[in-house]
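Student: The lines below spell out each chain.
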Amino acid sequence: MRELILKLKEKPDICLEVEGILPNVIAEKSLEEIENLPIQYGNKRVKLSEFFDAYVEKSETPRIIFDGDMSRVKRIGWKLDGGEIVVRGNAGMYLGAFMREGKIVVEGDVGHFSALNMSGGTIVINGNAGNYLCASYRGEWRGMSGGTVIVKGNVGKELGSYMRGGKIVVEGTADEFAGVCMRGGIVVINRAKARLGAGMIGGAIVVNEVEELLPGFLEEGEEENPEIEGEKFEGRFKVFSGDHAERKAKGKIYVRL
Amino acid sequence: MKLILKNGIVYDPANGINGERMDICIKDGKIVEKVRFAKVIDVSNKLVMPAGFDIHSHIAGGKVNVGRLLRPEDSLRRVVARRNGLRSGSGYSVPSVHLIGYDYARLGYTTVITPAMPPLLSRHTHHELNEIPMIDKAAFPLYDGNWFVMKYISEEKYEELKAYVAWLLWATKGYSVKITNPGGTEAWGWRKNVHDLDEEVPYFGVTPKEIITSLVDVCNDLNLPHSVHLHCNCLGEPGNYEITIKTLQLVRHKDFNGRQSLHVTHLQFHSYGGDSWKTFESKADEVAKEVNKNDNVIIDTGNVIFGDTTTMTADAPMEYDLYLLTGLKWVNKDVELETAPGVTPYIYSPKVLVNAIQWAVGLELALLIKPEKVILTTDSPNGGIFTNYPKVIAWLMSKKARDDMLAKVHKSTEHRTVLPSIDKEYDFYEIAMVTRTNPAKSAGMPNKGHLGVGADADIAVYDINPLEFDPKDYEKLEKALSNAYLTIKGGEIIVKEGEIVKVTHGRTFWVDAMGKIDRSLIEKDLDYYFKRYYSVSLSNYVIGENELRRSERICVN
Ligand SMILES: [Zn+2]
Chain A
286 MRELILKLKE
296 KPDICLEVEG
306 ILPNVIAEKS
316 LEEIENLPIQ
326 YGNKRVKLSE
336 FFDAYVEKSE
346 TPRIIFDGDM
356 SRVKRIGWKL
366 DGGEIVVRGN
376 AGMYLGAFMR
386 EGKIVVEGDV
396 GHFSALNMSG
406 GTIVINGNAG
416 NYLCASYRGE
426 WRGMSGGTVI
436 VKGNVGKELG
446 SYMRGGKIVV
456 EGTADEFAGV
466 CMRGGIVVIN
476 RAKARLGAGM
486 IGGAIVVNEV
496 EELLPGFLEE
506 GEEENPEIEG
516 EKFEGRFKVF
526 SGDHAERKAK
536 GKIYVRL
Chain B
17 MKLILKNGIV
27 YDPANGINGE
37 RMDICIKDGK
47 IVEKVRFAKV
57 IDVSNKLVMP
67 AGFDIHSHIA
77 GGKVNVGRLL
87 RPEDSLRRVV
97 ARRNGLRSGS
107 GYSVPSVHLI
117 GYDYARLGYT
127 TVITPAMPPL
137 LSRHTHHELN
147 EIPMIDKAAF
157 PLYDGNWFVM
167 KYISEEKYEE
177 LKAYVAWLLW
187 ATKGYSVKIT
197 NPGGTEAWGW
207 RKNVHDLDEE
217 VPYFGVTPKE
227 IITSLVDVCN
237 DLNLPHSVHL
247 HCNCLGEPGN
257 YEITIKTLQL
267 VRHKDFNGRQ
277 SLHVTHLQFH
287 SYGGDSWKTF
297 ESKADEVAKE
307 VNKNDNVIID
317 TGNVIFGDTT
327 TMTADAPMEY
337 DLYLLTGLKW
347 VNKDVELETA
357 PGVTPYIYSP
367 KVLVNAIQWA
377 VGLELALLIK
387 PEKVILTTDS
397 PNGGIFTNYP
407 KVIAWLMSKK
417 ARDDMLAKVH
427 KSTEHRTVLP
437 SIDKEYDFYE
447 IAMVTRTNPA
457 KSAGMPNKGH
467 LGVGADADIA
477 VYDINPLEFD
487 PKDYEKLEKA
497 LSNAYLTIKG
507 GEIIVKEGEI
517 VKVTHGRTFW
527 VDAMGKIDRS
537 LIEKDLDYYF
547 KRYYSVSLSN
557 YVIGENELRR
567 SERICVN
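Same order as they appear, the protein sequences are chains A and B.
So for the first sequence, my numbering puts the first residue at 286; every next one is plus one.
So for the second sequence, my numbering puts the first residue at 17; every next one is plus one.
Treat the hints loosely; a few may be bogus.
Covered by chain A, according to a simulated footprint, are these stretches of chain B (three or more residues, beta-carbon under 8 angstroms) [to be verified]:
| hint | segment |
| --- | --- |
| 1 | 88-101 |
| 2 | 496-504 |
The list that follows gives simulated cross-link-like pairs (lysine to any residue, SDA-like), each with its CA atoms no further than 20 angstroms apart [claimed, not checked]:
| hint | chain 1 | residue 1 | chain 2 | residue 2 |
| --- | --- | --- | --- | --- |
| 3 | A | Lys364 | B | Val95 |
| 4 | B | Lys345 | A | Gly487 |
| 5 | A | Lys535 | B | Leu341 |
| 6 | A | Lys533 | B | Trp346 |
| 7 | B | Lys262 | B | Gly323 |
| 8 | A | Lys364 | B | Gly343 |
| 9 | A | Lys364 | B | Leu341 |
| 10 | B | Lys345 | A | Trp426 |
| 11 | A | Lys533 | B | Gly531 |
| 12 | B | Lys225 | A | Ala534 |
| 13 | B | Lys345 | A | Lys329 |
| 14 | B | Lys345 | A | Glu425 |
| 15 | A | Lys364 | B | Val96 |
| 16 | A | Lys329 | B | Val96 |
| 17 | B | Lys345 | A | Tyr422 |
| 18 | A | Lys535 | B | Ala97 |
| 19 | A | Lys329 | B | Leu102 |
| 20 | A | Lys332 | B | Ala97 |
| 21 | A | Lys533 | B | Leu340 |
| 22 | B | Lys345 | A | Lys332 |
| 23 | A | Lys533 | B | Thr223 |
| 24 | B | Lys345 | A | Arg532 |
| 25 | A | Lys535 | B | Leu340 |
| 26 | A | Lys533 | B | Asp337 |
| 27 | A | Lys533 | B | Leu341 |
| 28 | B | Lys345 | A | Glu531 |
Keep in mind the hints are simulated off the structure, nothing from the lab.
Backbone N, C-alpha and C define an ideal beta-carbon position, used for all residues, glycine too.
All chains, please: the whole structure from these sequences, using the hints.
Tutor: Structure follows, in structure tokens:
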């Protein structure tokens, strides 16, 4: 097993796209082969080594470490199918999009569309996330279906849109339209802004504080230490069902009292 | 360019050639008797047929583009980079413009008709057709919910109707008369539909039956190369086979010299029994019986392929009903004075009984109707995208292919269809008929769909020996048909071993019947309707011939 460390030489003036630079891809390759892997720079294909210094070390699990400010590096862990990726800094858009398996840890912030249509694995974001975290791809009504995403900071708009399964935890604030059109899965948010769960017909949202709820949500009573989507939560919650603006809506919002 | 295709095994039903080993000579874009000093290509033991002809495939226009806009996620399913001088593109069920041309060429098809052009959107349609490379094309303008048509029929002004039909073909650079859910699309403007041939359209007082028969007569009187192209009422509804049979019977005695009087399209969607989704069943056998008896009808199948696709028709009420079933996103559009299209995604699942029956019905029709009257389509992309034709061909040619699929679909399918009991397997001669000869004949393009002297040198060669074909080995067939060994278009090699080697731009065929009518009969009405109702002026409505990249005007007399 080995670990690949990629140090960004300097912040690129336009964004890089590193689709295909995955732990399972580099596992069998020599350093030279890795350095020659193609990445996208604007409309040009360039070699990985043009923008990154690469080092290989021994490790327990296949792992790639992106070292430096990656806020202009897009598609880190795109379609990740195993192994681990660590970003020592910020990451750009589409981090972990279409990810199926494995783990990604980001020390800083991540850009928009991260964990898009994710189906498995784990992502931990220690900073903030942009809009459309865990959302479905544009136009897609079959969104995130599995995996876990944990954000220590705040997230942007439309968190987990069209989500069908899996779990999202936001320890900070989620901007408007979190859980929009959810069909399943669970979203746990510390503080949520307005239009929470708009159009949701399944799944559950658990919040400590919410700015306001849409009129499509009906109060169903209170619950003590409820079990939500197979998980125990401690405390007292007010339970709402909705969004009854949709037909046959079975979504639930739990607001902590 | 001069070419000889040497020693291929040729199927050309129009000329009675059934698997003969022979040479095909090509000169100046045409098939010739003999040619000297030509480049010789050895195609020994390979399957040689006229190039494919698709008479019903939604490849351009408002609906297709709305489909693209509605489904960005469909674009993501297939992304093709630019390479070898080919344009990039994306889209699986609604591919971008250039991919459509490339895909058809690779399949060995070189002529495609887009079958539902709202007249008001014909400029868009033609400009899009102009950009589709590789193939010859044509478009059928829609006449179903047209106010002029219904007005003239209700006032029994037959000569005016004739004049208007010819004028609209000329104005839109269209090829023939398409009717979609006659009367239903206008009724939809009032949140209604029509479910019977004698049901009146609100405010016009005409019936679907009158719309169909009047337009059939007009097409015959004008001697148009193609007949009325009809999408029947009640598409997709349980029990619709009855209205379909009644519709077919309307033309039993309407004989016409040299061609059918009615082309009924995607018959699969119109051959259902039962009175609800629970009792839904195949009535393909009943419908096939009527088609076989009826000398004035030709049909295309509209086969269903399992998977995710985008439905698009000029039948807005039907698309709305489909949306009610699936709950997925949908679009309806009102095209002023003319028609009402709709678009919504659909997933055909083998585990859903209704879908499995639909799959079986399409095959039953092709297997039960005489091959001379069958044309293979998937109503692309409604039943599935056209690149799946090799799959349908494999099902038709191999009982084993059908049985293998039957084993994977909903178990009750065998009780609701007769497919398991059908042993017929198509041979290559019949396949050539339903994908080449018949569509060209139905469309009335005498230089297409055959390899006789004088025909356009549009030829497909596939890397499979038809004389050694074993129906059990259907996967090999599917593979060979998916990537033509050679596609020749107008005498030029455009595809070689599945790769596009030359990008060409085909012609757009349209029909000019203005010589057969008296335009002054409708001048006043045109003026009035355009001033009073249309949002465009008459002069901006008409498509100039110079707007077609390569215009091919067919004059009728
Ligand atoms: Zn169609």
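Student: Now look at each hint and say whether the structure bears it out.
Tutor: Against the structure, the hints come out as follows:
Given a C-beta distance limit of less than 8 angstroms, the hint that chain A covers the segment 88-101 of chain B holds, as 4 residues qualify and 3 suffice. Closer than 8 angstroms: that is the beta-carbon criterion, and the segment 496-504 of chain B has 0 residues meeting it against chain A, so the requirement of 3 is violated. Of the pairs offered as hints, the one joining A:Lys364 and B:Val95 holds, with about 15 angstroms between alpha carbons and a cut-off of 20 angstroms not exceeded. For the hint linking B:Lys345 to A:Gly487, the alpha-carbon distance of about 18 angstroms falls within 20 angstroms, and the restraint holds.
Only pairs whose Cα atoms come within 20 angstroms are accepted, and A:Lys535 paired with B:Leu341 is accepted, the gap being roughly 19 angstroms. Restraint check for A:Lys533 and B:Trp346: satisfied, since their Cα atoms lie roughly 19 angstroms apart, inside the 20 angstroms limit. Restraint check for B:Lys262 and B:Gly323: the C-alpha separation of about 32 angstroms exceeds 20 angstroms, so the hint is violated. Using a Cα cut-off of 20 angstroms, the hinted pair A:Lys364 and B:Gly343 is violated, with the two alpha carbons roughly 29 angstroms apart.
For the hint linking A:Lys364 to B:Leu341, the alpha-carbon distance of about 33 angstroms lies beyond 20 angstroms, and the restraint is violated. Between B:Lys345 and A:Trp426 the alpha-carbon distance is near 9 angstroms, which keeps this suggested pair within the 20 angstroms criterion. At roughly 60 angstroms between alpha-carbon atoms, A:Lys533 and B:Gly531 are farther apart than 20 angstroms, so this suggested pair is violated. The suggested pairing of B:Lys225 with A:Ala534 is violated, with an alpha-carbon distance near 43 angstroms, which exceeds 20 angstroms.
Taking the CA atoms of B:Lys345 and A:Lys329, the gap is about 36 angstroms. The hint is violated against a cut of 20 angstroms. Distance restraint check for B:Lys345 and A:Glu425: the Cα-Cα separation of roughly 10 angstroms lies within the 20 angstroms cut-off, and the hinted pair is therefore satisfied. Our distance criterion of 20 angstroms between C-alpha atoms is met by A:Lys364 and B:Val96, whose separation comes to about 18 angstroms. Only pairs whose Cα atoms come within 20 angstroms are accepted, and A:Lys329 paired with B:Val96 is accepted, the gap being roughly 16 angstroms.
Distance hint between B:Lys345 and A:Tyr422 is fulfilled; the C-alpha atoms sit about 15 angstroms from each other, no more than 20 angstroms. Proximity of A:Lys535 to B:Ala97 is assessed by CA-CA distance (about 43 angstroms); at most 20 angstroms being required, the pair is judged violated. Of the supplied pair hints, the one linking A:Lys329 and B:Leu102 holds, its CA atoms being roughly 18 angstroms apart against a limit of 20 angstroms. As the CA atoms of A:Lys332 and B:Ala97 are separated by approximately 18 angstroms, the hinted pair is consistent with the 20 angstroms bound.
Annotation: proposed proximity of A:Lys533 to B:Leu340 holds, straight-line Cα distance about 13 angstroms (limit 20 angstroms). The suggested pairing of B:Lys345 with A:Lys332 is violated, with an alpha-carbon distance near 42 angstroms, which exceeds 20 angstroms. A distance of roughly 39 angstroms separates the Cα atoms of A:Lys533 and B:Thr223; the hinted pair therefore is violated under the 20 angstroms criterion. Of the supplied pair hints, the one linking B:Lys345 and A:Arg532 holds, its CA atoms being roughly 14 angstroms apart against a limit of 20 angstroms.
Simply put, A:Lys535 and B:Leu340 have alpha-carbon atoms about 19 angstroms apart, close enough for the 20 angstroms limit, and the pair holds. At roughly 18 angstroms between alpha-carbon atoms, A:Lys533 and B:Asp337 fall within 20 angstroms of each other, so this suggested pair holds. For the suggested pair A:Lys533 and B:Leu341, the alpha carbons sit about 14 angstroms apart, so the restraint of at most 20 angstroms is met. Note on B:Lys345 and A:Glu531: the hinted pairing holds, with a Cα-Cα distance of about 13 angstroms set against a maximum of 20 angstroms.
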